[in-house]
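Residue numbers (the working numbering), protein chains in the order written: chain A, 233 to 574; chain B, 233 to 574; chain C, 233 to 574.
Since the hints were derived computationally from the structure, they do not count as laboratory data.
It should be emphasised that the depicted structure is a prediction, and the values quoted were computed from it without experimental measurement.
Yeah, the Cβ is synthetic: ideal placement off N, Cα and C, and Gly gets one too.
Hints are supplied without guarantee of correctness; some may be wrong.
Looking from chain B toward chain C, a few residues come up when the C-beta cut is under 8 Å (computed) [as the list claims (entries may be wrong)]:
#	residue
1	G391
2	K393
3	S426
4	Q471
5	S491
6	S493
7	G525
8	P541
9	R550
10	E570
11	K571
12	A573
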Amino acid sequence: MEFTVQQIADLLQGTVEGDKSAKVNTLAKIEEANTGALAFLANSKYEPFLYSTNASAVIVSDKLEVKRSVSATLIRVADPYSSFSSLLQYYQSALIASKTGVEEPSFLGKDSQIGDNHYRGAFSYIGSNCKIGNNVRIFPQAYIGDNVHIGDNTTVFAGAKLYANTIVGSNCTIHSGAVVGSDGFGFAPQPDGSYKAIPQIGNVVLEDDISVGANTSIDCATMGSTFIRKGTKIDNLVQIAHNVDVGSHTVIASQTGISGSVKIGNYCVVAGQVGIVGHISIADKTTVGAQSGVSKSVKETGTIIQGSPAFDYKQNLRAMAVFRKLPELQRDLELLKEKAAN
Amino acid sequence: MEFTVQQIADLLQGTVEGDKSAKVNTLAKIEEANTGALAFLANSKYEPFLYSTNASAVIVSDKLEVKRSVSATLIRVADPYSSFSSLLQYYQSALIASKTGVEEPSFLGKDSQIGDNHYRGAFSYIGSNCKIGNNVRIFPQAYIGDNVHIGDNTTVFAGAKLYANTIVGSNCTIHSGAVVGSDGFGFAPQPDGSYKAIPQIGNVVLEDDISVGANTSIDCATMGSTFIRKGTKIDNLVQIAHNVDVGSHTVIASQTGISGSVKIGNYCVVAGQVGIVGHISIADKTTVGAQSGVSKSVKETGTIIQGSPAFDYKQNLRAMAVFRKLPELQRDLELLKEKAAN
Amino acid sequence: MEFTVQQIADLLQGTVEGDKSAKVNTLAKIEEANTGALAFLANSKYEPFLYSTNASAVIVSDKLEVKRSVSATLIRVADPYSSFSSLLQYYQSALIASKTGVEEPSFLGKDSQIGDNHYRGAFSYIGSNCKIGNNVRIFPQAYIGDNVHIGDNTTVFAGAKLYANTIVGSNCTIHSGAVVGSDGFGFAPQPDGSYKAIPQIGNVVLEDDISVGANTSIDCATMGSTFIRKGTKIDNLVQIAHNVDVGSHTVIASQTGISGSVKIGNYCVVAGQVGIVGHISIADKTTVGAQSGVSKSVKETGTIIQGSPAFDYKQNLRAMAVFRKLPELQRDLELLKEKAAN
Chain A
233 MEFTVQQIAD LLQGTVEGDK SAKVNTLAKI EEANTGALAF LANSKYEPFL YSTNASAVIV
293 SDKLEVKRSV SATLIRVADP YSSFSSLLQY YQSALIASKT GVEEPSFLGK DSQIGDNHYR
353 GAFSYIGSNC KIGNNVRIFP QAYIGDNVHI GDNTTVFAGA KLYANTIVGS NCTIHSGAVV
413 GSDGFGFAPQ PDGSYKAIPQ IGNVVLEDDI SVGANTSIDC ATMGSTFIRK GTKIDNLVQI
473 AHNVDVGSHT VIASQTGISG SVKIGNYCVV AGQVGIVGHI SIADKTTVGA QSGVSKSVKE
533 TGTIIQGSPA FDYKQNLRAM AVFRKLPELQ RDLELLKEKA AN
Chain B
233 MEFTVQQIAD LLQGTVEGDK SAKVNTLAKI EEANTGALAF LANSKYEPFL YSTNASAVIV
293 SDKLEVKRSV SATLIRVADP YSSFSSLLQY YQSALIASKT GVEEPSFLGK DSQIGDNHYR
353 GAFSYIGSNC KIGNNVRIFP QAYIGDNVHI GDNTTVFAGA KLYANTIVGS NCTIHSGAVV
413 GSDGFGFAPQ PDGSYKAIPQ IGNVVLEDDI SVGANTSIDC ATMGSTFIRK GTKIDNLVQI
473 AHNVDVGSHT VIASQTGISG SVKIGNYCVV AGQVGIVGHI SIADKTTVGA QSGVSKSVKE
533 TGTIIQGSPA FDYKQNLRAM AVFRKLPELQ RDLELLKEKA AN
Chain C
233 MEFTVQQIAD LLQGTVEGDK SAKVNTLAKI EEANTGALAF LANSKYEPFL YSTNASAVIV
293 SDKLEVKRSV SATLIRVADP YSSFSSLLQY YQSALIASKT GVEEPSFLGK DSQIGDNHYR
353 GAFSYIGSNC KIGNNVRIFP QAYIGDNVHI GDNTTVFAGA KLYANTIVGS NCTIHSGAVV
413 GSDGFGFAPQ PDGSYKAIPQ IGNVVLEDDI SVGANTSIDC ATMGSTFIRK GTKIDNLVQI
473 AHNVDVGSHT VIASQTGISG SVKIGNYCVV AGQVGIVGHI SIADKTTVGA QSGVSKSVKE
533 TGTIIQGSPA FDYKQNLRAM AVFRKLPELQ RDLELLKEKA AN
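This is chain A alone, in the form it adopts within the complex (with noise of 0.2 Å):
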């Protein structure tokens, strides 16, 4: 995609300087930026990079004053921060928007409805009796298994996996290498110490503007669902086992864990590589610090904890402090226990 700057001046209702049919055809920081890239200025520590940018165009703001000859064409704006960032969503937008159609060959079984404006990639597989909204992005090589709804202007990056019966709201975002409703890890211990598999009959739900990375694993529940509540994100390689229930707003970073029939609530942060035991509860608006191992429930919201196992925050701090004193404290006392016993 190429513009003028002119065009994306009468985008942002900014006035050029310079070149008006100077092309860029990216966008960049201005300290990386080459020739083609747009790039912008918000914060005065980086205007010596104004001067030397290979931008080919710059969004500056109204009050910017020029102290020495820049060669990249500017784009006066009230708020350059800010229309940069639109000009991101802009661009982003458009590069999904420019996949639609259906290539071939793509795989759709019987009794499935897809909307209007969606995008099949090639050997993209969508089993039977799929029910799936407008605006729809289905990479090539993803899988969505019988059964599955999922809802308005979804992607699906190229081989994630939709087992059957999930069920997914709009505006979400499925990352390649996902794995949504996978069995849950439930085995029954025989007599002779040998495990029987436990049928897992449920399915995951996945409510509106979810966001899931790549190869995470998303159990499907014993019977019943897996819930990701509204707007909640999730890292890559996460892991989410069978009844788990994370409320909305909550952001899971990468690499963390949490077992089955774990509640979590709304507004949560969790760090990434934590582990969480089963069959706990936390509070909404906790915090879980990195590597934490949280080992039973968070009963009041806004808890801050770390540590495995987790407790609260500060007092780990203080304990990791004198932890790493332990040598000096154990001489210390040695040494007391020595005088003592004379």
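We have chain A already, so just place chains B and C on it with the hints.
Chains B and C in isolation, oriented as in the chain A frame:
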């Protein structure tokens, strides 16, 4: 799949109370069931739900005395829990069995054999010289490399990948995104500080009754085989490195990583997010607590360990209890030192 | 592939003792080898196996004195280990090279170029405007998005996914299930507590000689590029977040997670299950012990750290040794306090 209550009762050798022609098409928990669902009541704690459930039918005990009006049809049996479990098994088996035949396009390499009553989903790939048993289900976009052997009744879900030369037994389940047989992580440091790949020409052997979770990776051996022995169950996102040998009827929970050449015994339980260093042995019936880091061999059968590095779990529990109080310990020690100095 | 012992000996410039026409079709360890296998003996500790092995041929030293009868044909060379290593290299190269041509159906987008002697497996997808070098192997179900560049001799295994705009150098190996270029995990908190996705329009650059393990995910930069520099090796299930820059000849073991905008130096070793917080720098030749949590920059070359949070590994070792004895320390302290109180 839809059945009348009478059909279900005949299957379970139970007797019907109420509308024999009521139709059920799913299984659910009594407290969550909607119209069309069949639920069960085994624990008297849940009896109140019997009088409020929306289930179309409920499996109850021969001996249950109904105290109030019930809208659901009842199926009376000797042991409701075990009857319901059987139905779950039937249900899941029927679902799997309903997948049969070959969807096109799919790829079958030369000199490959596949047994009776199989399913090969669209875009599934089977290389050359493969031997695949009866009742095998290869879901869409699964990859079976050259020379792979698979036993009877095994299911390979959508997009799972088996590298060339992998051996899989009977009654195995391999979930979406699992990778079996990728190269072991072996690199020889060179004099200039760079690394040269050590060829990994071995394979992976999964014996019978193995379950491999979503997005788990199991590397091939450098030479010879990485083994997962009969009946072992592996959860999602687990890493098993080259030349590992995991014994029979062992359970490995999500996000655990097992380094190269580790030997794990039979009937072990390895909890989630555990790390095990390379070239050690873990005795039979060992239990490793969540997030532990196992840094040396476990020699005694039935050992329970915890922590990073891991040691006896009771001792670890006691040490962790004191860890939290380290700031107080430090202060007490300072006071004693002052006192002793005077 | 089958060879006579004489053919192997010619390749290695060795001399044959025994049946020159004996046939070998695989390589194996001397203690595990079966008929048809070629093994080697480099370490005298293994000499007893020479007299019991089922290998059809064994590579031994020019200087070895055979003490008992040997059923295998011998190939005498100056350095058995290095000769055997060369054979392993030949073997693996021959396996890869045997994959050639295009299996159908496969997808090649418009204006994409691919060099000589390539392999494109069935159901592989190459988008538009891609530039792919010579001797490249794209295995079945691999996904190469639009505008991707790939250098010579690179292998992309089954089902690996490269998002649009990814740049891959020469001699790289990308294993099954790896995802390169997925969106960075960037969400701006809104006044109502919900999150809005920050567009991630950058890409990933893998330089030459990179290895990316199975089910690893590497996110694209917000703008600009996430870099993996020449010669770096990444194991399975690793997470590399947006805008990370990993130096040359660095090794990152399985299940490690590197947060956004981290800069890692050259010649580092990062062990398994390590977590590194965002926006820090790690000096060249740093070693990070397994399961560590790195919470601040490492400034000195050659630093070795361990623990969560990580600090000097020797100090950590000493602190951990005392940690186990905390209950005894606490008891001793209590006794001293009592004594002092009297």
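For each hint, the structure was consulted:
1. Hint status for B:G391 relative to chain C: holds, with the closest Cβ pair at about 6 Å, below 8 Å.
2. Nearest Cβ of chain C to the Cβ of B:K393: about 4 Å, under the 8 Å cut. The hint holds.
3. Evaluation of the B:S426 hint against chain C yields a held restraint, the C-beta minimum of about 5 Å falling below 8 Å.
4. Because the closest C-beta pair between B:Q471 and chain C is about 4 Å apart, less than 8 Å, the hint holds.
5. A cut of 8 Å between beta carbons decides the hint on B:S491: the least distance to chain C is about 7 Å, and the hint holds.
6. Taken as an interface hint, B:S493 does not check out: its beta carbon lies about 12 Å from the nearest beta carbon of chain C, beyond 8 Å.
7. With 8 Å as the threshold, the beta carbon of B:G525 comes within range of chain C, its nearest partner Cβ sitting at about 5 Å, so the hint holds.
8. Given the 8 Å rule on beta carbons, the hint for B:P541 holds: about 7 Å separates it from the nearest Cβ of chain C.
9. The beta carbon of B:R550 comes within 5 Å of a beta carbon in chain C, closer than 8 Å, and the hint placing it at the interface holds.
10. The interface hint given for B:E570 is broken, as the beta carbon of that residue sits about 10 Å from the closest beta carbon of chain C, more than 8 Å.
11. Look at B:K571: its Cβ gets to within about 6 Å of chain C, closer than 8 Å, so that hint holds up.
12. With a least beta-carbon distance of about 12 Å to chain C, the hint placing B:A573 at the interface is violated under the 8 Å criterion.
Violated hints, listed in ascending order, are 6, 10, 12; each of the other numbered hints is respected by the structure.
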